[in-house]
Amino acid sequence: MEYSDGTPLLAVDKKDLSKIMATINVPKGGKYQIVLPDGSKVWLNSMSKLEYPLAFDPNKRAVKLEGEGYFEVAKLNKNNKRVPFEVISNAQTIEVTGTQFNVSAYPDEAQTISTLVEGSINIHSASGKVSLTPNQQAVNTANGLSKRTVDVESFIAWKNNKFMFYETELRDVMKGLSRWYDIQVQYQGNIPATYFYGEIGRDKNLAEVIRLIEKSGVKFKLKQKGSTYKLIII
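To convert, note that position 69 of the sequence shown is 69 in our numbering; the numbers rise steadily by one, no gaps.
Just so you know, the hints here were simulated from the structure itself, not pulled from any lab data.
Think of the CB as a built atom: it goes at the ideal place given N, C-alpha and C, for glycine as much as any other residue.
Incorrect hints may appear among the rest.
Derived DSS-like pairs (lysine-lysine); straight-line CA-CA distance at most 25 Å [to be verified]:
1. LYS75 / LYS60
2. LYS175 / LYS49
3. LYS162 / LYS78
4. LYS28 / LYS78
5. LYS204 / LYS215
6. LYS28 / LYS162
7. LYS215 / LYS49
8. LYS60 / LYS49
9. LYS81 / LYS64
10. LYS41 / LYS81
11. LYS81 / LYS159
12. LYS78 / LYS49
13. LYS28 / LYS64
14. LYS28 / LYS204
15. LYS64 / LYS19
16. LYS75 / LYS19
17. LYS162 / LYS129
18. LYS129 / LYS28
19. LYS175 / LYS129
20. LYS162 / LYS75
21. LYS162 / LYS60
22. LYS230 / LYS219
23. LYS49 / LYS19
Label-pair distances were calculated between CB atoms; the ranges are [stated by the list, open to error]:
24. ASN59 / ALA193: 25 to 33 Å
25. PRO107 / ALA207: 27 to 35 Å
26. LEU206 / ALA62: 33 to 41 Å
27. TYR166 / LYS49: 23 to 31 Å
28. ALA207 / ARG148: 15 to 23 Å
29. LYS19 / GLY226: 38 to 46 Å
30. ASN59 / GLY217: 54 to 62 Å
31. ALA193 / LYS223: 22 to 30 Å
32. GLN184 / ASN80: 52 to 60 Å
Generate coordinates for the entire structure from the input sequences, incorporating the hints supplied.
Here is the structure:
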């Protein structure tokens, strides 16, 4: 098995691979793509972690995700049956056979959001089960599991190196910036009730992004202490 750039991951006896768990940790400001042992591709957003075996069980494939990942699951057959693929995250399990979907399951978020791009998926949690078709999204919270129809592009924009906002609250915008630019965010007083629309390239520097957001009327102050930056909303 190898990383997407062709670099070998580990050199071990193949018969032991299924017993060895690998972990990929993506830091703030990072993004990574990996090809799993079955040929499935995973894109990981900043501050995300993926755990997987170096070889899958012949009858079931399973990985654990913390953070955000886009999955392009390879179709795999055994005895004329599809071998299922599971993504375990934040008190839920997604089961698929071959499909494309995005999962946002950051530990500091109150909800886990699963968005289907292609194929179909089943999502299981303590509060029930939902099945998704393309352009549908499941939201899993402490209050239960629900689904809705969405424009998937805004939820997978990070994979294409963009921030895309559609009725996005300021708090959610700031969480995305914090993870990507490795900054702390602080609010002075109440959080402004401001919603954002549009897209911004993640290749822009933080100062450019702040200038664009300030056009909405939100004001910022940037402080630096050593190598740490704090963005204060005033």
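Status of each hint after checking the structure:
{"no.": "1", "hint": "LYS75 / LYS60", "in the structure": "12 Å, holds"}
{"no.": "2", "hint": "LYS175 / LYS49", "in the structure": "17 Å, holds"}
{"no.": "3", "hint": "LYS162 / LYS78", "in the structure": "38 Å, violated"}
{"no.": "4", "hint": "LYS28 / LYS78", "in the structure": "39 Å, violated"}
{"no.": "5", "hint": "LYS204 / LYS215", "in the structure": "16 Å, holds"}
{"no.": "6", "hint": "LYS28 / LYS162", "in the structure": "15 Å, holds"}
{"no.": "7", "hint": "LYS215 / LYS49", "in the structure": "34 Å, violated"}
{"no.": "8", "hint": "LYS60 / LYS49", "in the structure": "21 Å, holds"}
{"no.": "9", "hint": "LYS81 / LYS64", "in the structure": "23 Å, holds"}
{"no.": "10", "hint": "LYS41 / LYS81", "in the structure": "21 Å, holds"}
{"no.": "11", "hint": "LYS81 / LYS159", "in the structure": "31 Å, violated"}
{"no.": "12", "hint": "LYS78 / LYS49", "in the structure": "29 Å, violated"}
{"no.": "13", "hint": "LYS28 / LYS64", "in the structure": "19 Å, holds"}
{"no.": "14", "hint": "LYS28 / LYS204", "in the structure": "15 Å, holds"}
{"no.": "15", "hint": "LYS64 / LYS19", "in the structure": "15 Å, holds"}
{"no.": "16", "hint": "LYS75 / LYS19", "in the structure": "23 Å, holds"}
{"no.": "17", "hint": "LYS162 / LYS129", "in the structure": "31 Å, violated"}
{"no.": "18", "hint": "LYS129 / LYS28", "in the structure": "32 Å, violated"}
{"no.": "19", "hint": "LYS175 / LYS129", "in the structure": "28 Å, violated"}
{"no.": "20", "hint": "LYS162 / LYS75", "in the structure": "29 Å, violated"}
{"no.": "21", "hint": "LYS162 / LYS60", "in the structure": "34 Å, violated"}
{"no.": "22", "hint": "LYS230 / LYS219", "in the structure": "14 Å, holds"}
{"no.": "23", "hint": "LYS49 / LYS19", "in the structure": "19 Å, holds"}
{"no.": "24", "hint": "ASN59 / ALA193: 25 to 33 Å", "in the structure": "51 Å, violated"}
{"no.": "25", "hint": "PRO107 / ALA207: 27 to 35 Å", "in the structure": "29 Å, holds"}
{"no.": "26", "hint": "LEU206 / ALA62: 33 to 41 Å", "in the structure": "37 Å, holds"}
{"no.": "27", "hint": "TYR166 / LYS49: 23 to 31 Å", "in the structure": "27 Å, holds"}
{"no.": "28", "hint": "ALA207 / ARG148: 15 to 23 Å", "in the structure": "36 Å, violated"}
{"no.": "29", "hint": "LYS19 / GLY226: 38 to 46 Å", "in the structure": "43 Å, holds"}
{"no.": "30", "hint": "ASN59 / GLY217: 54 to 62 Å", "in the structure": "56 Å, holds"}
{"no.": "31", "hint": "ALA193 / LYS223: 22 to 30 Å", "in the structure": "25 Å, holds"}
{"no.": "32", "hint": "GLN184 / ASN80: 52 to 60 Å", "in the structure": "54 Å, holds"}
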